[in-house]
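Peer 1: Chain by chain, the residues run as shown.
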Amino acid sequence: MDSTRKEWLLNALIATALLAVPLWALMANEPFIITLATRIAILAIAAVGLNIALGLGGMVSFGHALYLGLGGYVAGIAAHHAFSGTTVLGLPGTNQMLPIWAIAMILSGAVAGVVGALSLRTSGIFFIMITLAFAQMGFFFTLSWPAYGGEDGLPIFVRNQFPGLNTARPWDMFLLSYAVLIAALILFAMLRAARFGAALMAIRQNPDRAAAIGISPFGIKLVGFIISGMITGLAGAMMADLTRFVSPAMLAWTMSGELIVIIILGGVGRLFGPVAGAAILVGFEVFFGGLTEHWKLWLGLVLLGVVLFARGGLIGLLAGRAQNG
Amino acid sequence: MADPVLDLRGLSKAFGALKATDDVSLTLLPGEIHALIGPNGAGKSTLMGLVSGKITPDAGEVRLGGQDITALSVANRARLGLGRSFQVSSLIPEYSALRNVMLAVQARQGHSYRFLKPVMRDRPLRDEARAILSRVGLDSRASVEAAVLSHGERRLLEIAVALALKPRCFLLDEPMAGLGSEGTARLVSFLQTLRQEAPILLVEHDMDAVFRLADRISVLVYGRIIATGSVDDIRANAQVRAVYLGEETSA
Numbered sequence: 001m002d003s004t005r006k007e008w009l010l011n012a013l014i015a016t017a018l019l020a021v022p023l024w025a026l027m028a029n030e031p032f033i034i035t036l037a038t039r040i041a042i043l044a045i046a047a048v049g050l051n052i053a054l055g056l057g058g059m060v061s062f063g064h065a066l067y068l069g070l071g072g073y074v075a076g077i078a079a080h081h082a083f084s085g086t087t088v089l090g091l092p093g094t095n096q097m098l099p100i101w102a103i104a105m106i107l108s109g110a111v112a113g114v115v116g117a118l119s120l121r122t123s124g125i126f127f128i129m130i131t132l133a134f135a136q137m138g139f140f141f142t143l144s145w146p147a148y149g150g151e152d153g154l155p156i157f158v159r160n161q162f163p164g165l166n167t168a169r170p171w172d173m174f175l176l177s178y179a180v181l182i183a184a185l186i187l188f189a190m191l192r193a194a195r196f197g198a199a200l201m202a203i204r205q206n207p208d209r210a211a212a213i214g215i216s217p218f219g220i221k222l223v224g225f226i227i228s229g230m231i232t233g234l235a236g237a238m239m240a241d242l243t244r245f246v247s248p249a250m251l252a253w254t255m256s257g258e259l260i261v262i263i264i265l266g267g268v269g270r271l272f273g274p275v276a277g278a279a280i281l282v283g284f285e286v287f288f289g290g291l292t293e294h295w296k297l298w299l300g301l302v303l304l305g306v307v308l309f310a311r312g313g314l315i316g317l318l319a320g321r322a323q324n325g
Numbered sequence: 001m002a003d004p005v006l007d008l009r010g011l012s013k014a015f016g017a018l019k020a021t022d023d024v025s026l027t028l029l030p031g032e033i034h035a036l037i038g039p040n041g042a043g044k045s046t047l048m049g050l051v052s053g054k055i056t057p058d059a060g061e062v063r064l065g066g067q068d069i070t071a072l073s074v075a076n077r078a079r080l081g082l083g084r085s086f087q088v089s090s091l092i093p094e095y096s097a098l099r100n101v102m103l104a105v106q107a108r109q110g111h112s113y114r115f116l117k118p119v120m121r122d123r124p125l126r127d128e129a130r131a132i133l134s135r136v137g138l139d140s141r142a143s144v145e146a147a148v149l150s151h152g153e154r155r156l157l158e159i160a161v162a163l164a165l166k167p168r169c170f171l172l173d174e175p176m177a178g179l180g181s182e183g184t185a186r187l188v189s190f191l192q193t194l195r196q197e198a199p200i201l202l203v204e205h206d207m208d209a210v211f212r213l214a215d216r217i218s219v220l221v222y223g224r225i226i227a228t229g230s231v232d233d234i235r236a237n238a239q240v241r242a243v244y245l246g247e248e249t250s251a
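Same order as they appear, the protein sequences are chains H and L.
For the first sequence, this note's numbering gives the first residue as 1, with consecutive numbering after it.
For the second sequence, this note's numbering gives the first residue as 1, with consecutive numbering after it.
These are calculated hints, taken from the structure and not from any lab test.
This list has only true hints and no planted wrong ones.
Computed footprint of chain L on chain H; a stretch qualifies when at least three of its residues, placed anywhere within it, have a C-beta under 8 Å from a C-beta of chain L:
(1) 188-195
(2) 202-210
One side only, chain L facing chain H, incomplete, derived with CB under 7 Å:
(3) 84
(4) 94
(5) 107
(6) 112
(7) 117
(8) 118
(9) 165
Backbone N, C-alpha and C define an ideal beta-carbon position, used for all residues, glycine too.
Isolated chain H (complex conformation) (with noise of 0.2 Å):
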């Protein structure tokens, strides 16, 4: 079987699974595990977003928290505004999804569009400072921000609506979430295929190439960069509505990290990359994080075998090398 079969099967494997144990927690009335692949998922739309900048631009952005936080706050602040019926900058708040990731798509976009063009001057650790500058300005605005609960964060007291489910439910946000990453793969796979995708992945492996045939290195990471900050924005949003609480910490550069690190566990640039490492790292944390508190020392351990023995991560283990065709 060729590599870019296997791939396909185990992507499939993959994504039945993640729907296959909500459902039977659904029946068995378990629902911490709904909640637990619901979180998966949900750090897994973050991660994908990620992939777009890491996996195909080889943009390494250490900064990627900056969308989570912006998105989760645009949650918070409207349920907050909605809850007691008051205005921000004359506009009501709203306890509707779809207009809550409108605005968290539209303002990370805007964000990534100004860090991206500020940034993606420079490349190496040069990039990764500024990206992590960026996102540690808003860091440390949150949380110096007395309006919306500053370091105490701010808690979102009912869940934002749906339209058509009630997403107080474990099983129907769960399914929310499973849908949004669903239609998030098949965004990148199709960025990924198209022109736009080729140009990218190019210019990640050989810019000055690409700029000698006639492609502008910048214009074109410069947008994928903001549709990364805004998959990641999207995610945020959901997950503040996931766990009913939004704060300083969603924007703190351990966040960055982890999504870094779930990429990089998961297969960078694999489409179901994000999605391996975010069900690896949630499943770490839940049943050593059972066991002993440093459960993140055997995390490290298993990055460390990933890097040194396993470059291309969980999926590049199980299905073999990327095919670019």
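Since chain H is already given, all that's left is putting chain L on it; use the hints.
Peer 2: This is chain L only, laid out in the frame that chain H set:
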């Protein structure tokens, strides 16, 4: 005389005290192969960098088809028809030979901001890339990753990529490097047909190839052009023999 396709006027570039390019003027006429030769360290790479746009000159200008392109970026120059191959093979290593050429066709068309339609199902794009690959004799290797191709095949793929750009002129940076005598012979005859498509500015170390191909030769020494002329002129030029050919032909 026909208007030059590529026209370099008084180009200068210094790195500190080193004048890597010193008041270089040079023209590339329609249909010709103009070879640029010079000993190591003569400033050939800097001059190629100035023409391609990688390096900004301190003085002088670069004109393509009568248009001043001195202020344009590498990508914009390429889009205007400056087709460049690299001294060290510089391809997209994880892409197959076919995808390398497809990318060049895509770049020429200027349609890289297309987000939904899969490139591999883009028949016209594929077919054109395939036709170009078969022109350079690489059709049987179309699906092989560039990183896995042999050195000679990569040089041919470089040419295929340059062809796909349908440029107004070719800028070939040592295309024969490391090819061996048989490969060189094949490439020489190929370049003879390539010149009918667009004139070629050829930087090359292989003297035999240069003498067989070039209509005009310019000799670069310490950043200056010390002579420009036909093959016979250059062979006969005493100064050129002293600084350059003397060491080469006796070797």
